[in-house]
Every structure is written in structure tokens, then in C-alpha cells.
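J.: Protein chains in written order, with my numbering: chain A, 1 to 326; chain B, 1 to 372.
Note that these hints are calculated values from the structure, not bench results. Here the structure is a predicted model, which is why all the values come from computation and not from measurement. Just so you know, even glycine gets a beta-carbon here, dropped at the ideal spot from N, CA and C. Be a bit skeptical, because a hint or two may be false.
[Claimed, not checked] Cβ-Cβ distance ranges computed for the label pairs, FRET-style:
| # | chain 1 | residue 1 | chain 2 | residue 2 | range |
| --- | --- | --- | --- | --- | --- |
| 1 | A | T95 | B | D139 | 56 to 62 Å |
| 2 | A | N260 | B | L234 | 40 to 46 Å |
| 3 | A | E271 | B | T178 | 47 to 53 Å |
| 4 | A | D55 | B | A37 | 27 to 33 Å |
| 5 | A | L289 | B | T178 | 25 to 31 Å |
| 6 | A | D55 | B | D139 | 43 to 49 Å |
[As the list claims (entries may be wrong)] No farther apart than 27 Å at their CA atoms in a straight line, the calculated lysine-lysine pairs in the DSSO-like style are these:
| # | chain 1 | residue 1 | chain 2 | residue 2 |
| --- | --- | --- | --- | --- |
| 7 | A | K149 | B | K263 |
| 8 | A | K160 | A | K149 |
| 9 | B | K175 | B | K263 |
| 10 | A | K14 | B | K175 |
[To be verified] Pulled from the structure, derived: some chain A residues nowhere near chain B, Cβ distances all over 12 Å:
| # | residue |
| --- | --- |
| 11 | Q87 |
| 12 | I89 |
| 13 | K90 |
| 14 | Q126 |
| 15 | V159 |
| 16 | S168 |
| 17 | Q220 |
| 18 | N260 |
Residues per chain are reported as follows:
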Amino acid sequence: MSAQSVSMPISSAKASARRRNRISAIIINSVLALICLAWTIPTVGLLVASFRPRDNILTSGWWAILPHRAYITVGATSLPRDTDLSQPIKIDNDTVTDQQLRDGVTLSDGRRVQWNSRRGRTLNVQQPQWTSDTSFTLENYQSVLTGQKYTYTLPDGTVKTDQGEDLSGAFLNSLTVAVPATVIPILVAAFAAYGFAWMRFPGRKLLFTIVVALLVVPLQIALIPILRDYVSLGLNGTFLGVWLAHAGFGLPLATYLLFNYISELPRDILESAFIDGASPFTTFTRLILPLSMPALAAFAIFQFLWVWNDYLVALILSVARRRCRC
Amino acid sequence: MARSTGIQPQRGAAVPGENVAYGKIAVAVVALAATLALLWGGFLLLRDGNMPKLVTALFAIVWGVGGVAALFFSANYLVEAFPDAARRVIQPYIFVGPGLLLLGWFLFIPVLRTLYLSFLNADSTRFVGLENFIFTFTDRAMLESYRNNLIWMIFGTIGCVVFGLLIAILADRSKFETVAKALIFMPMAISFVGAGVIWRFIYYYSPPGQPQIGLLNAIIVGMGGDPQAWTSQLQPWNNLFLVAIMIWLQTGFAMVLFSSAIKGIPVDTIEAGRVDGATEIQIFFRIMIPAIQSTIITVTTTIVIFTLKIFDVVIVMTGGQFGTEVIATQFFRQFFINRNFGVGAAIAIVLLILVVPVMVYNLQQLDKQEAF
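Chain A with its partners taken away, still in its complex shape (with noise of 0.2 Å):
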């Protein structure tokens, strides 16, 4: 093989290279086109039917508003009032049952039939058609954002129209839970993280290990005994009581992340700090933190997305002090 190489003349080799790089170009470029069309399709499907009429999404698929072929109806056709639908029934070259014409059968000469009205005997004729489904409305957004409108008659016959809640007041608190929750254990995290990896102090190396080893500690143990805290504290159902279980439950990972980066920030850097006659804390607010931004901000959009999305810890401590009887 290498013989042959190197005798080949320069230029027909790197046109050869060229070609070989664009069919490896289109390969990798198509299966990653695939892979990422697997990984959008379920959003793709909700977001069309956001868009849909609530009858159409519990009657069709999301993907009828591509062009599809259907059967369309496009006449009708009435059999004698007296067919005895116990009896197969013939309709011009074809004999069919009662069943089949709930379901629609086919005929012979390509066309569908299905009842209309069975007891009036009349028969939809349908074929299929090139069609899509496209009755899109912006009622679900709207109902969303502005809050549903409820009309119902009340019992001396007045008809009284309620609006429901909007979204702000969810979209607000969900703001206002999950900044802090974001930016409280990434402080926390960093003070300790720097504690752990520059300073020296008893019991740091155990300290750390149970740090980490609480990584693994499901979240569920530890609500009921919080909540059982923060009933006597009067903590629950407060913003306060919300944060600081976030930021707990958050800290093992914040705290290890944060420390592997931490403490492979170049040793010089900090010594020439603290010649320079620089405090812990000024070290730690000039220089670790700027310098550690990119694991700080990594860090914070996943912790975010996990307060943001969060149910569970928001469902159990958020209940408002005033319905709460624990």
C-alpha cells in the first residue's frame, strides 16, 4: 500500500484525500442529522399541539398537518329504507355487512363507504385525497397567558363569567424561588470549595469526604424532618425555607464541582497574592472568584434548570403557613 502511495503523483493523492474527507463529511453530517431528529421529534409534537384545537388533539395525531392521504368524504349515497342489516347487504358489485360499513369498508371500483345515518340507510362515499390538517388557533396561549374564562349559569339562571389565573403570578414565583436558589449554594459552594482546596485546617481531608459522599443521599429522606423543622421554626411556606433546601440539597455538587476547579488554579498565582499582603477573603473576591467564572457559570445554568424545573422540594415546603397542619 505505501509503495503505491508514494508513487502516486502528489495532486491525484490530495484529490483523493479531498473526496474521501467530503464522503466522510456527509456521513458523519447524516448521522448526526439523524440523531438529532430522534431527539426533537417528541418536542416538535408538543409544540405543534400546542398550536391545535383541543378536539383535534385527542382525534388525530400531531403529524396531520403534513400532507398525508385520507379518506375524504365526497358524496353520499342512500341504500332501499327496508335493507335488513342482519343480512349482508349488496351495494352494486359488492356484497358487505353491517359491520364493515361501521368501519368503513372498500369497494371494488376504489371507493369507501361508511355509514351516514344507519337508520336512515344513507351511506358516505369517500376517496382517499391528498389533505392536511391545518386549523391551527392561538386559544391555548391565550387561555395560558391571560388566564381561562369560565362562563357558568348559576342556579337563579344568571350567567356569570369568572376569569382564571394567569400565568405571572406561577411565572413570578417561580423567578423569585429560583434566582436565589441559584446564586445562594454557588456562594456558599465557592467560599467552601476555596476553604477546602487552599486553606489548612483539622479535619479537612474527612470534612470533604462527607461532603462528597452526601452527593449520593436522596433528597426524599430528608423532607420530612425539614419540614418538621421548618413548622417549628415557622419557615414553611416562606421564599427563606425554599432556598436554603435548595441550596442544601444543591451544595455536594456545587462544592465538588467548584473544588476541582478551584484547586488546580496555578499555585503562583495565589502566593503572589498573599506576599503581596492580600487577606483570604480579598484573595477569594479578586482573584478565585473572577478567575473560576466559566465552572461558576456551568454550574449555576444546571442548577438553575434543576430549582427551575423543580416540583417535588416546591410542592412539600412551599405550603402556605396559614393551611398547613403539620
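Fit chain B to the given chain A structure using the hints.
T.: Chain B in isolation, oriented as in the chain A frame:
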């Protein structure tokens, strides 16, 4: 702040190590007390006040974020007023203390409490020894959930790691890297409840003859098969359809970490392999995999732990019915629904013990990297 600068010359005047700057300590104590009082006032205002929602939200965010920073600052200010010897001993605890306190309160003490409860009977009135643990290892439903957790651990971890690695490598060589990675990462931003809604559109089952609005059944029926109730009837394979949801959600996490590790492999190493005539497959297995080995271990560990603790996907999709119960849902059922605190606590402890080997292995790796 103005007062603190006024204090500075005083300390300069004192002979270092002999006189303690009592004035500065006093100021620092007052500052710390003032911070605490302000935070307490803010807490009362938030809890009992009746402000407009937007004002409450803004105030709460500023109070929460600023409060923690102010506490660190004022506590540190107090410590730095101490003589050097005392400061050196105390200061590390100012740094790690708040973290340890939170962890102790929210995770460590609950674990001890749970351990204690696991030796007591259902309503924690009588000591029963190991009875609860014997139950967790002999009960039929519990054995089923161990089997299911094993399915989750094996298929979920392999799925996430293989897909994550594959996508990271393909994306690294593609021009559409950013778009592809964003699309794969997107499910990470979706909550489990949202994912449940999304996957219901995939797994939805209608009886034969009716229009199928679930994508999977529509495909099956389109190809002439019978519709299946994916998450309920096909035991025990229905677990795999739940695992697929987890893989869909978490592959983005693995992909991001693998991708940054692959970018860290020196280009020269791979080029050298190519020059020596290695095929792409050889380069992958002989050069890339060893180079990113530590990332593979970290990601695998994280996902193994995640699958052992899996809870939300099962609760949202099946509620643990149809033979899909896992350890965490069993724990939830015993503790919160049956109110059998003893058995619930024992299950939680078993779950904790199951994860310990993974953690020990990870800590050994940590020691090897000489992190300490």
C-alpha cells in the same frame, strides 16, 4: 464603610501581636449584629407583608442574594479584626462553615434520623431490630423494584454514555456542531412533568380501529401491526420505554462533558496516530477513549447514581404501577402513603448503601488524581 477606614490607623499604631484592636472588634460585632437584624426584618416583611407580587419578587431576590453575601462579608470582617494567630485558626471555618452547616442540617442529620427510624416499627414506637431490613430484602414488590433499578442502571447508563459519546464525537467533526449540540441539550431544560406530557404523545394507546394519536402506535399500525400499550401491558419491557425517556433527558449532560473533554485532547496526538496509519476506529479506541477516561468515569458515576435515585420519570409516567416500581418510589409509597416509617426508612438506607461502592470507587479515582 467610612467608619472602617477610620479604624485603620488605630490598628497601625498598635504593636502587632500584643494589643488587640478592641475598637475594630466592637465595630465588627455591631456590623454583624446590624446585618443580622436587617436580614431578620426583611424576613418578617416578606413573610407577613402584603406587597404587590412584583415588588415582593424583586425584594426577595435582592434580600436573599445580598443577605448571604453580606453575612459572609460581615463575619469575615469580624474575624479579620482578631489577632493573627486567632484569625488563622478561625478563618477557614468562616469559609467552609456555612456550607457544612447547611449540609449538616439538610442532608447529614436527616440521614442519621432515617437510620434511627429504620430500626423502629411502623409508627416509631417500638424497637424491632433488623425486621424492616429483612422485609426490604424478601418482599415481592421490593425484589421487583431491585430488578427494575438494575434495568435502569444498566440500560440507562449505557444509553446515556454511548449516545453522549457518539454525539460528542460526531459533532466535533461536523460543521453544524452548535446546532446539533443545542438540539440534544434542549431536553435538559424540560422538567420531568413536561417530559411526561411530551412522551404521552409518543406512547399514547388507543384500541385497534380507532385513530392512533401516539406516534409509536401510529407507526406500528401504519406498518400493519397491532397497537401496544407501551408503558403498561408489555411487562417487564415497559421499563425500557421509561428508561428511553431518561436517556432522552440526560444524554445532553453526558454530551456536554464529553465534548469539552474531547476538545481537550491535543490535536498533535491524533495527527500522530493518523500519520502512523491508524484507522479512525483505532484512533477512537486507542487514543481518544484513554485520553478522556477520567471524564468517562465521572459521567458514568454521576449517571449510575442518578439512575439509582430515579423517581420523577416513574411517578409521572406510570405512578409505579404495571411492574415499574423502583426503589425510590417504593420508599415514597411506604413513607408518605402507607405511613410505614420503619420500612420507608430502611429502604432509604438500603438505597444509600447501594450507592456507597460507586462513591468509594469515585473517591479512589479522586485520590489517584492527587486532588488533595
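J.: Look at each hint and say if it fits the structure.
T.: So, going through the hints one by one against the coordinates:
1. A hinted range of 56 to 62 Å for the beta carbons of T95/A and D139/B is consistent with their spacing of about 60 Å.
2. Separated by about 42 Å at the C-beta atoms, N260/A and L234/B satisfy the suggested range of 40 to 46 Å.
3. The hint said 47 to 53 Å for the Cβ distance between E271/A and T178/B, and at roughly 39 Å that hint is violated.
4. At about 59 Å, the CB distance of D55/A to A37/B disagrees with the hint of 27 to 33 Å.
5. Range check, L289/A to T178/B: about 28 Å between beta-carbon atoms, so the 25 to 31 Å window is met.
6. D55/A and D139/B have their C-beta atoms about 46 Å apart, which keeps the hinted 43 to 49 Å range intact.
7. The straight-line distance between the Cα atoms of K149/A and K263/B is roughly 53 Å, outside the 27 Å bound, and the hint therefore fails.
8. With a C-alpha separation of about 10 Å, the suggested pairing of K160/A with K149/A holds against the 27 Å cut-off.
9. About 15 Å separates the Cα atoms of K175/B and K263/B, which keeps this hinted pair within 27 Å; it holds.
10. A distance of roughly 21 Å separates the Cα atoms of K14/A and K175/B; the hinted pair therefore holds under the 27 Å criterion.
11. Every Cβ of chain B is farther than 12 Å from the Cβ of Q87/A; the closest lies at roughly 23 Å, confirming the non-interface assignment.
12. No beta-carbon of chain B comes within 12 Å of the beta-carbon of I89/A; the shortest separation is about 20 Å.
13. Non-interface status of K90/A relative to chain B is upheld: no Cβ of that chain comes within 12 Å, the nearest being about 25 Å off.
14. Here Q126/A stays apart from chain B, with its beta-carbon at least about 15 Å from theirs, past the 12 Å limit.
15. Taking the minimum C-beta to C-beta distance to chain B, about 30 Å, the non-interface status of V159/A holds against the 12 Å cut.
16. With a minimum CB-CB distance of about 8 Å to chain B, S168/A fails to clear the 12 Å threshold, and the non-interface call is violated.
17. Q220/A, annotated as away from the interface, has a beta carbon of chain B within 12 Å; the closest lies near 6 Å.
18. For N260/A, the condition that its CB be more than 12 Å from all CB atoms of chain B is violated, with the nearest at approximately 7 Å.
In the structure shown, a violation is registered for the earlier hints numbered 3, 4, 7, 16, 17, 18, in ascending order.
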